[in-house]
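Novice: Protein chains in written order, with my numbering: chain F, 1 to 201; chain R, 202 to 842; chain V, 843 to 1177.
I should point out that these hints are in silico values taken from the structure, not numbers from a laboratory. Some clues are possibly wrong.
[Claimed, not checked] Below are the EDC-like pairs computed for lysine to aspartate or glutamate, each with C-alpha atoms no more than 20 Å apart in a straight line:
#	chain 1	residue 1	chain 2	residue 2
1	R	Lys829	F	Asp151
2	R	Lys228	R	Asp674
3	R	Lys829	F	Glu14
[Said to hold, decoys possible] Every beta carbon over 10 Å from chain F, so not counted as near; a handful from chain R, in silico:
#	residue
4	Gly235
5	Met257
6	Leu339
7	Arg559
8	Met632
9	Leu699
Here the structure is a predicted model, which is why all the values come from computation and not from measurement. Note that the Cβ used here is the ideal one computed from N, Cα and C, for glycine as well.
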Amino acid sequence: MDTRTVLNVAPLPESAFGSRTLTWWGTIAFMSLEGMGFALAVGAYLYLRVLQTKWPMNVPPPDLLPGTLVTIILLISAVPNYFLERWARAYDLAKVRIGIVAMTLLGIAPLIVRAFEFPALRERWDGDAYGSVSWFLLGLHTTHLITDVGDTIVLAVLMFTRHSENPRRFSDVTDNAAYWYFVVLSWLPIYFVLYWLPRIG
Amino acid sequence: MSAAAEPLRDTDIGEPELEARLVDIWKTPRGFFGWLSSVDHKQIALRYIATAFFFMTLAGIGAIFMRLQLATPDAHIVGPDRYDQLFTMHGSTMMFLFAVPVMQAFGVYLVPLMIGTRNVAFPRLNAFGYWLYLFGGLFLWFCFASNNGPDVGWFDYTPLGLTPYNVGHRADFWAQMITYTEVSGLVIAVEIVVTVFKMRAPGMSLDRIPIFVWASLVTAFMVLFAMPAVMVCSTMLILDREVNTHFFDVALGGDNLLFQHLFWFFGHPEVYFIFIPATGFVSAIVPVFARRRMFGHTAIVLSLIATGFLSFGLWVHHMFVTGLPRLGDSFFTASSMAIAVPTGVQIFCWIATLWAGRPRFATPLLFVLGFIFNFVIGGLTGVMVASVPLDTQVHDTFFVVAHLHYVLIGGSVFPLIAAVYYWFPKVTGRMLSETLGKWNFWIAFIGFNVAFFPMHILGLEGMPRRIYTYSADMPWAGLNLLSTIGAIVFAFSFVLLLWNMVRSGLRGAPAGPNPWDADSLEWATASPPPPQNFTRIPVVTSLLPLWTERKTIPAVAGLRADRREVLLSTLTEAEPDVREPSPEPSIWPIFAAIAVGITFLWSIYTPWAVIYGAIPIAVTLTGWFWPKGSKEDERWTHAPS
Amino acid sequence: MKGFAAGFVCLALTLPACSSVQSALAPEGDTARAILQLFLLFMVVCTAVFVVVMAFLLLALVRRRATPGEPVLRPDPIEERRMAWIVGGGVAATVIILTIFTFASFLTNKSFAEPRPHGLTIKVTSHQWWWQVNYESRDASQTFETANEIHIPVGQPVKLDFESPDVIHSFWVPNLAGKQDLIPGRYTTLTVKADRPGIYRGQCAEYCGIQHAHMAIYVVAQNQSDFGRWRAQQVKSAKAPSNAALRHGQQVFQSSPCAMCHTISGTNAGGQVGPDLTHFGSRMTIAAGTMRNSMGNLTGWIADPQRMKPYTRMPAVALTGPDLIAVSRYLESLK
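Taking the hints into account, I'd like the entire structure generated from these sequences.
Specialist: Right, here's the structure in full:
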């Protein structure tokens, strides 16, 4: 059908931040489905717990040190993450470069400590259902940690190349920062379930 | 490309040149690699639809073999092992490889056109999802062809699905196919949500969004929250089978009902992934063939949303005979009954629209009428199985088989065929034959009812599901034979459909942009739509754009004419907000799908595959997201705002 | 009244031949009867709803209309409001009907799902692909085991306690009651009460593997004296062979692999893998209802179990012709 022009959108910007962008909404959508996955895994954990009289079934509760250390590192990492997001919105390339390298290191650090969390559970994945579901929960979060750190590393490299001159990169950095918050926040209930529920109930 | 080059806008050139340039920018490159790298939502959607119908045909042929085996007592057409593979493949294929993908794919094709944009939000992700779906489906059927098909039912309850109780890796193949198709389903869901939220044409506020788009949106949200459940339980199944975890191992703290809860938490919403888009088709077709706006538009939209929410609260009705506490069961009876209310609202509104309209009895409307007839039956038997006492008799019998086919075929495939007749002219530029269409309808309608109605009686007369044969002492032979005859007639109706599509695709009457005089935006552009969908993005001034603006459509100017660009708008009022570059064709999605596909397949045989496979996956994903310095990524030409 | 109801349902469903074997439409137990009555309520109301909705649809399609003036009709506000009332009425009617259905279901469920005082408890254990039946008793000498056939006294509730060591099965005897799953690791139960003597066929109703189709069970309801007689006979050890041929048959049984899987109490055969055969001769069927219990079927079954029930767990035992006949005769003698 023939058209008649009523609106000129040439003055509109070509990039933006947050909920004005497609990638932000895409990130939120992925957070939703992954958050649902976490919720269901926690649900499965609680379901199996309720069926048992003794929980953990055959071993003492997990050793608190590695898990608490990871929690502390993740919580601390939220601070540079916040600043990185602000700097990215201001298109401050120099500061963004510092920030993204810092976030890379702060992403790798918990991964190293995370490796010690698995044996700290004191039960193997094939030992009993408690071991299986605990490894499952921890493994799910670890996968998210690894993929987000991977994403951060790629972005960090990009910010040191010519591609950093494109405003879209800064938007990518803010989306990555948003996803990091999700990785940190989603850890907290899992930390509570894995380490404190066996001590309380 | 220098930063000083002036961008070319569509206001700088005349209409014919604009059209030619946009076609050139948005078309998929020629050749085999071009075809592999396509990110055009229309092409990808048509691939999904063609592949889905191909799988439907395979599963349908499987069903005919099952019906031949059951037509007479103690038959020897198919032995028990093959029969068990057949019903597992039939259910799994129809649910995971046909019904859900085809409904989502119609969304992928139609939603951008209906909301007045040029592509989906994440075109490369769209391509990736398709390749993964294709690989997963082909993989499953190769397993079946080599006599290694899963044989534990389409929902593979534990312990039957665990290693001691079945042969080889069959159940792993099933579980891994789930993983492929659920990633693909999730990918489409993410796209639809973001596309509908952010890419609507200016002026398409919430109250002006077509019902089919709402249906796709509600479905997408449901997929986001339900698919993870099947991901969790199929992963737990593979882990139990391959690395000795104990999620479902009763001896070491596991529980078999955990599997059922997780599966059905997904499984019940899943049938609504299939049904809600089907109601979207009906809501698109009825007003056009009643020649008036839909009665109760807002009520229908609210009903869709309500159905989406409610569908998450029903799942235990699949577990009424597992010995759960009675009071809990009764809650789920109430919730299962409750969902009939929003569905009823939709049916009443459709009938009211027809009542106050002037029905035009073309083939799309015939299939919609067949749908109403069949679906009301299916819905009423659904209300019966929602009742715990009734369900204790008919659960796991042919009564349930009848119910599920009435709602899935009657309630979803009939609207799907209506959608094919309705949108075929838009997709191909040619009309399907009305004469063949009427034959198609009546043969399908009669064949379907003759095939499935007797099953209600068979179930009440004691015939359980999933049995490969029965003795002549049982009184089931007559109705089984009748059902088989009906199934063959029904299958023949698809031959007619295919024949109609092939013949009309080659020699049908040319359709023009709007052969049905319909109201929504997809009918404003040519048939088939050009690669860019719209040479100028429309501006929407009402719920029924093409019935309100009958001479010319208001449109947007100022977009780029030298690169792919789409227009983003605000969430509720759809005010134009950002001019967004849109990704060009790319070969990385198929590479990534191959890497992911191989990793999934390999992981059946060793858990280390996940580690090794992570490397090619990381490489391909990095290649995918690495900016190319192409037009979409050029340096900013002005200071950031 | 109840016969009429069943007949109405049969008629309504236009059955070509209304059989009562394994049928939910021919209740012989109180639970099945309550369910059928509820079903009749649903059938009547749902049929009425269907007719009304289709009538509206049909009328909507055929009613006369004014000649078309425009390509698209403009809705008339008065008609729209009237239709809104009717649609609203339809929705209200839907809610009322569904509420009635929900309460009726709840009440029916309540009436038989609560634990009832029962006379007899029978333990049923499902296997791939047969039913183990244990009659327990506080007096150890009164316990016995049989397979694929349950005898119950009429007129009193009998509690069935379920267990499954392998996969999920489902116990379903539609003439008597709805089905109940047997789930490994979980305890489930079903109480049945037969109204009158009869033989009621049932079948496993949860896909449990390759021979799910051949896992039938028979519930034989008997009056008190017949049941008592049956029970007294079952408690006894196996009938000793009364002639040389039967003795030879017993020997063949005990010295061949049969004894490794099957038990015949009072002999050396104590296998726990397959069904207890102590009173095999008194049972109606072989291989969980796959075929009638007769000499011919039995010899065929023992010679080649895979032929009648492919993939069954029972292996073929190599016996000579005369030995096969001897052991079959012996088993048939175990009444």
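Novice: Hints first: check each against the structure and report whether it holds.
Specialist: Right, here's what the structure says about each hint:
| no. | hint | in the structure |
| --- | --- | --- |
| 1 | Lys829(R) <-> Asp151(F) | holds (17 Å) |
| 2 | Lys228(R) <-> Asp674(R) | violated (64 Å) |
| 3 | Lys829(R) <-> Glu14(F) | holds (17 Å) |
| 4 | Gly235 | holds (25 Å) |
| 5 | Met257 | holds (27 Å) |
| 6 | Leu339 | holds (25 Å) |
| 7 | Arg559 | holds (24 Å) |
| 8 | Met632 | holds (19 Å) |
| 9 | Leu699 | holds (32 Å) |
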